[in-house]
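Undergrad: If you want the building blocks of each chain, they are given just below.
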Amino acid sequence: MAAAVELEGVNVTFGDFVAVKEANLTIEPGEFFSFLGPSGCGKTTLLRTISGFIEPTRGQVRIGGADMKGIGPNKRPTALIFQNLALFPMMTVAENIGYGLRVRGVPRHERDEKVKNLLIQVALAEHGHKKVSELSGGQKQRVAIARALAVEPSVLLLDEPLSALDLKLRQHMRSELRAIQKRVGITFIYITHDQGEALTMSDRIAVMNAGVIEQVGDGRAVYAEPRTPFVASFVGENNQIRGRITARDGAMATLETPLGTLAGRNPVALDVGQEALLFVRPEVMQLRANGTTAGFEGETLDVAYEGSVTHVTLRVRTGQKVMASLGASALAALPTPGETLRIGFRPEDALLLARPERH
Amino acid sequence: MSGSLAFVFGLPLAVVVFFFALAAYERRTGVANGGGFFQRNGLAIGLYLVLAVGFWAFFIILLPQLAMVDMSFRPKLPPSQMGGPKDLYTLENYRYFLFGSTTSTAEWNWLHIKAFFLTIGVSIIITLINFAICYPLAFHMAQSATAARLRVLLLLLILPYWVNEILRAFAFRVLLSSGGIINQMLMGSGLTSEPIDFLGADVGLYMGLSYAYLLMMIFPLYNAIESLDKNQVEAARDLGAPWWHIHAFIVLPHAKPGIASGCTLVFMLTAGALAAPLVLGGPRTLWFTPIVYDRFYQAFNWPQGAAYAFILLVSCIIFVLVVLKAFRLSLGEITR
Chain C
1 MAAAVELEGV
11 NVTFGDFVAV
21 KEANLTIEPG
31 EFFSFLGPSG
41 CGKTTLLRTI
51 SGFIEPTRGQ
61 VRIGGADMKG
71 IGPNKRPTAL
81 IFQNLALFPM
91 MTVAENIGYG
101 LRVRGVPRHE
111 RDEKVKNLLI
121 QVALAEHGHK
131 KVSELSGGQK
141 QRVAIARALA
151 VEPSVLLLDE
161 PLSALDLKLR
171 QHMRSELRAI
181 QKRVGITFIY
191 ITHDQGEALT
201 MSDRIAVMNA
211 GVIEQVGDGR
221 AVYAEPRTPF
231 VASFVGENNQ
241 IRGRITARDG
251 AMATLETPLG
261 TLAGRNPVAL
271 DVGQEALLFV
281 RPEVMQLRAN
291 GTTAGFEGET
301 LDVAYEGSVT
311 HVTLRVRTGQ
321 KVMASLGASA
331 LAALPTPGET
341 LRIGFRPEDA
351 LLLARPERH
Chain Y
1 MSGSLAFVFG
11 LPLAVVVFFF
21 ALAAYERRTG
31 VANGGGFFQR
41 NGLAIGLYLV
51 LAVGFWAFFI
61 ILLPQLAMVD
71 MSFRPKLPPS
81 QMGGPKDLYT
91 LENYRYFLFG
101 STTSTAEWNW
111 LHIKAFFLTI
121 GVSIIITLIN
131 FAICYPLAFH
141 MAQSATAARL
151 RVLLLLLILP
161 YWVNEILRAF
171 AFRVLLSSGG
181 IINQMLMGSG
191 LTSEPIDFLG
201 ADVGLYMGLS
211 YAYLLMMIFP
221 LYNAIESLDK
231 NQVEAARDLG
241 APWWHIHAFI
251 VLPHAKPGIA
261 SGCTLVFMLT
271 AGALAAPLVL
281 GGPRTLWFTP
291 IVYDRFYQAF
301 NWPQGAAYAF
311 ILLVSCIIFV
321 LVVLKAFRLS
331 LGEITR
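Chains C and Y supply the protein sequences, listed in that same order. Counting from 1, position 187 in the first sequence corresponds to residue 187 in the numbering used here; the numbering is continuous, with no gaps. Counting from 1, position 68 in the second sequence corresponds to residue 68 in the numbering used here; the numbering is continuous, with no gaps.
Check before you lean on any hint, since a few could be wrong.
As the list claims (entries may be wrong) - Partial chain Y-side listing against chain C, Cβ under 8 Å, derived:
id	residue
1	K114
2	D229
3	Q232
4	E234
5	D238
6	L239
7	G240
8	H247
9	I250
10	P253
11	H254
12	P257
The set of hints was computed from the structure by calculation and includes no laboratory data. The beta-carbon is built from N, C-alpha and C at its ideal position, and this holds for glycine as well.
Whole structure, please, built from the sequences with the hints as guidance.
TA: So, in structure tokens, the structure goes:
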């Protein structure tokens with residue numbers, strides 16, 4: 001079975017501006033695939049390139065194994081859900097959903113039947129005759145999904161469709177989208193800047209920055225095994241400490257930092273003498289380092305008690321702020337601002353990555 | 001005379017009082033809230049606005065029209081007999097339009113009736129031509145042109161209208177006449193041996209009329225299409241719609257109020273145009289507005305002229321309202 005979507009050396013430039021640079025990617029059929037990145041990172045451009053609104057400046061887009069060069073968005077087996085949904089306000093809910101079928105010349109009774117089924121699928125059976133403006137945000141969302149599914153695309157593209165919803169609805173729609181994807185079994189390509197969305201819904205995630213796909217992997221891989229400093233700091237909270245590698249020991253390495261000698265895992269095989277960044281997640285920080293943990297001291301700036309976990313912000317010797325999320329069991333009493341704490345971490349919980357040149 | 005004086009000053013006063021009462025009622029029932037009109041503008045400016053707008057609406061717009069309507073129902077009399085025993089309300093001016101005589105109803109006044117329907121019919125055609133010309137341009141300007149291109153287009157559209165209407169009409173005449181540039185080029189290239197009588201065939205008239213009110217169509221269309229979310233066009237395309245389907249079922253329904261507004265303006269103005277028909281009309285074509293003009297200034301029959309003008313006005317208004325109704329649009333919508 002051919003891959004759902006393949007990108008091969010895709011470049012998109014607007015004048016001098018490089019929006020997407022050398023994107024190579026294979027998305028499997030039935031996969032829930034997310035592009036995660038800050039705004040302006042090129043993820044929407046990439047989505048529009050897949051849907052056919054933008055032709056790549058260089059490279060090839062293949063959908064279901066077929067080269068899409070010169071094939072317009074109306075001829076591609078993709079359907080796009082827009083950020084603002086772009087429902088047709090002058091049509092009813094049923095007419096909106098049936099639009100793609102009407103365009104294809106599907107006979108009326110067949111169309112009505114299909115629209116009815118879709119309305120049931122997205123739990124809007126009673127709302128077919130309504131105007132779009134009469135619906136709530138979540139209902140509009142479901143109309144947009146049904147309208148896109150009606151044309152039976154092999155790939156559904158979603159451009160941050162949940163960003164306009166309030167938090168509660170957004171969380172509800174996450175699981176609903178995931179359920180719909182499981183039910184219809186087609187490939188979903190999802191664009192978001194919200195790492196929570198990407199992590200909870202996706203089979204795999206591509207993290208993008210400045211037009212470049214930095215890393216592709218499942219949620220755990222991009223969170224726990226980031227391969228670039230951008231991925232490490234963009235996905236989840238992370239503390240980063242600058243230093244220089246002084247020794248290598250198998251999968252581990254030691255580095256000299258302004259906070260003292262620290263150690264961490266060395267997955268990208270940095271050499272002695274190289275400039276490096278040590279990434280330590282707040283949740284692996286431990287209080288009052290004993291012999292097994294490297295550590296440093298800091299002055300408590302802020303304490304945020306959240307029940308099961310307490311977020312402590314420290315200012316260390318270099319003036320840098322370091323975050324530590326400490327479990328309830330680790331704290332006998334809450335630290336007070338101004339108090340000096342000694343914190344540390346196990347070297348196997350920290351990660352060493354090459355320091356990019358411009359920093 | 002004192003009766004009409006009371007009318008002239010009493011009616012505006014009555015209107016003002018009515019609106020004050022309406023405002024007070026809305027305030028009390030909570031329909032309107034926020035600062036009052038005079039609180040917001042101050043007494044002096046508020047009073048000035050009320051009086052100035054009232055004066056403008058009544059004296060400049062309503063009163064002359066009412067005077068025309070009144071005149072159209074009176075017989076033509078020498079000044080000495082006006083207001084005398086013979087000055088009675090009559091339908092003879094309207095009768096003349098239909099039957100060509102103030103007394104007999106034996107024969108239809110085909111000359112004028114034909115001119116009337118020709119005017120309406122051609123105005124409809126010109127409105128449609130105008131729409132066909134302007135829609136692609138307005139769509140391009142509103143949806144795909146860059147800001148720089150848009151500025152150039154707007155300038156190119158507006159500049160020709162600095163030249164006045166009569167001059168433009170004569171320019172068309174010069175261009176299209178038997179010895180004009182177009183005929184010279186056609187004959188020079190050997191396409192025809194004889195000059196083509198564009199003016200006699202009314203090509204000039206239709207061109208001049210179409211051109212005269214182009215802007216009245218462009219701008220409402222542009223405004224309407226501009227407010228369409230580009231994503232909707234893209235969504236339709238993404239769902240597989242060919243371009244004509246997008247225009248027919250997405251863009252046109254959205255732009256309906258703008259289309260109605262533009263078409264109404266162009267139709268009304270074309271049907272009432274005087275300069276272009278006078279200058280560019282062929283010898284065999286009798287447009288209705290020159291007939292109205294002739295009633296006033298050739299026949300010196302102002303009541304009859306008033307009746308003719310009133311017939312044209314009412315017919316146009318009725319026609320527009322019927323068309324709006326057919327397209328399920330309200331007057332309020334087209335002013336958006």
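Undergrad: So, for every hint listed, does it hold in this structure?
TA: Status of the hints after comparison with the structure:
1. For Y:K114, the suggested interface contact is broken, since its CB lies about 41 Å from the closest CB of chain C, more than 8 Å.
2. The restraint placing Y:D229 at the interface with chain C holds, with a minimum CB-CB distance near 6 Å, inside the 8 Å limit.
3. Annotation: Y:Q232 was flagged as interfacial toward chain C, and the flag holds, the nearest CB pair being 5 Å apart, inside 8 Å.
4. For Y:E234, the shortest C-beta to C-beta distance to chain C is roughly 6 Å, which falls under 8 Å, so the interface hint holds.
5. Satisfaction of the interface hint for Y:D238 is found here, the shortest Cβ-Cβ separation to chain C being roughly 5 Å, below the 8 Å cut-off.
6. Below 8 Å, beta-carbon pairs count as interface contacts, and Y:L239 has one with chain C at about 4 Å; its hint therefore holds.
7. Interface hint at Y:G240: satisfied, since its Cβ lies 5 Å from the closest Cβ of chain C, which is below the 8 Å cut-off.
8. Violation of the interface hint for Y:H247 is found here, the shortest Cβ-Cβ separation to chain C being roughly 13 Å, above the 8 Å cut-off.
9. Hint status for Y:I250: holds, given a least beta-carbon distance of 6 Å to chain C, under 8 Å.
10. Hint on Y:P253 holds. Least Cβ distance to chain C is approximately 5 Å, under the 8 Å limit.
11. This hint holds: Y:H254 has a C-beta 7 Å from the nearest C-beta of chain C, less than the 8 Å allowed.
12. Given hint, Y:P257 at the interface with chain C, is violated; its Cβ is 11 Å from that chain's nearest Cβ, farther than 8 Å.
Of the numbered hints given earlier, the model fails hints 1, 8, 12; all others are met.
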